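S.K.: Here is how the chains run, residue by residue.
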Amino acid sequence: MSNSIETDAYENLRQELRRGCLTLAVLAELRTEHYGYALRKALADQGLEIEEQTLYPLLRRLESQGLLASQWREEERRNKRFYHLSPEGNRLLTRLLEEWSSINSALVHILDRGQIREESPL
Amino acid sequence: MNQLLDRYLHAVRSRLSATLPEEQQEDIVRELSENLAAQIEDREADLGRPLNDAEYARLLEDHGHPIAVAGRYLQLRPLIGPQLLPHYWFSLRMMICVAACVMIVVLTLMPFIARTVQITEGRAVPTFMLAPTQGITTLAAIGTLFAMFGMMTLVFIVLELCMSRFGWPTRWNPRHLPPVSSYAHVYPRARFLTELIFSAFFAAILLAAKHPRIGPWQSTPVWEQFRIALLVITGANVVIAAARLLRPHRAQFWAIARLFSSAASLAVFYTFAQTAPMLMTADPKVTTAVLEIANRAVTASLLLAFWIAILDFSIELWRLVGPLVGRHIHRLPSRA
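Respectively, the protein sequence lines represent chains A and B. If you count the first sequence from 1, position 83 lands on 83 in the numbering used here, and the numbers rise without skipping. So the number in the numbering used here is just where the residue sits in the second sequence, counting from 1, plus 122.
A portion of the hints provided could be inaccurate.
[Unchecked claim] In the EDC-like style, the derived pairs of lysine to aspartate or glutamate whose C-alpha atoms are separated by at most 20 angstroms in a straight line are: (1) K41/A - E144/B; (2) K41/A - E166/B; (3) K41/A - D168/B; (4) K41/A - E29/A.
Rather than coming from a laboratory, the hints here were simulated on the basis of the structure. These numbers were taken from a predicted model, which means no experiment stands behind them.
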């Protein structure tokens with residue numbers, strides 16, 4: 001496999017992997033109210049960088065699905081749109097976190113077994 | 123507000139205006155404006171001074187091109203989805219081939235039929251029917267191709283809408299699937315075999331058609347040149363199809379060779395459509411006008427063959443570069 005094909009494949013798979021994780025992170029972070037830019041900073045501070053052009057449309061999509069609620073409010077002499085998790089979003093987040101937890105533990109198990117096999121090939 | 127920021131937000135909004143309602147556009151741009159303003163304030167606080175124009179430009183550049191930013195807000199879906207797309211391409215190719223064949227027959231026979239009607243019924247017949255010019259033939263070919271393309275696309279868009287409205291069937295019976303032999307057409311070797319048979323058959327016809335004489339008609343020396351040129355290309359096609367069938371591991375080399383043969387046939391059809399007539403007659407009953415009509419019909423057929431050759435060339439070119447383009451498309455960042 002050439003280097004560029006490998007990089008393409010990596011980039012595509014990385015994007016796929018991130019897509020669901022970002023949604024989960026956004027929903028989880030919005031248990032506390034944030035406006036767009038502050039949410040982006042909060043996620044970045046915790047090690048999860050997300051582009052503006054990904055985050056803002058994502059917030060709108062989640063809101064249109066009823067998982068987030070928003071309101072325009074003045075803060076520091078500026079009007080900002082604050083988002084927070086709706087009750088429906090909260091219920092969904094609980095279920096998604098259970099799913100995430102189950103996938104994660106399965107993956108850890110698979111990776112551990114792989115490591116044991118590598119360490120003792122015979 | 124900085125002028126650059128103002129222009130940036132306007133650019134985003136103009137891209138949203140085609141598909142989103144006014145209120146939603148306003149809301150999106152307002153939110154973007156506030157988020158960017160907060161980001162700018164943060165940056166200025168870090169620097170301890172206002173941003174200059176270059177820094178503003180850099181910040182907006184990092185934020186993304188207005189087309190890309192607006193695009194993320196649009197919930198667009200393809201007119202023809204991935205489930206229907208393979209059927210669409212197949213149907214399109216089939217329909218265009220059939221339409222091209224029908225056009226060749228119609229345009230070849232039209233002058234003779236028009237002349238017969240004129241003589242037997244004494245009716246006035248439009249000149250373009252008696253002697254279709256190159257312009258008329260080209261226009262008819264392009265018009266037909268576009269009409270076929272439009273109709274077929276419309277049918278599939280309606281199908282896609284129905285499928286997305288009512289959904290694909292969730293319950294189905296695997297026993298109702300056709301037998302494996304029905305899928306033979308998707309196997310490329312079947313295509314090469316078909317090409318081999320057709321090319322060999324066509325080469326045999328060309329070999330036999332030396333100085334043909336049918337009724338009052340006989341060929342001119344131009345026909346002989348045309349026949350030899352076409353025979354060389356068809357012979358090359360026989361070799362290429364056989365090689366692709368028997369030596370599939372050098373696929374790319376033979377695909378390029380096939381592209382060259384397709385380009386050569388394109389050049390031959392175009393060149394001979396422009397050169398001297400291919401038909402002549404020694405029969406005194408055939409008037410000069412009728413001979414001219416017959417030769418124009420042959421020219422019209424050559425021009426149509428030229429358009430079919432263009433189609434064949436485009437298909438071969440797409441088969442060759444399509445996978446590379448596909449790879450490039452996959453490289454583009456997808457939505458996170």
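S.K.: It remains to establish, for every hint, whether it holds in the given structure.
M.R.: Here's how the hints hold up against the structure:
no.: 1; hint: K41/A - E144/B; in the structure: 30 angstroms, violated
no.: 2; hint: K41/A - E166/B; in the structure: 16 angstroms, holds
no.: 3; hint: K41/A - D168/B; in the structure: 14 angstroms, holds
no.: 4; hint: K41/A - E29/A; in the structure: 11 angstroms, holds
Hint compliance for this structure: hint 1 is the single one not met.
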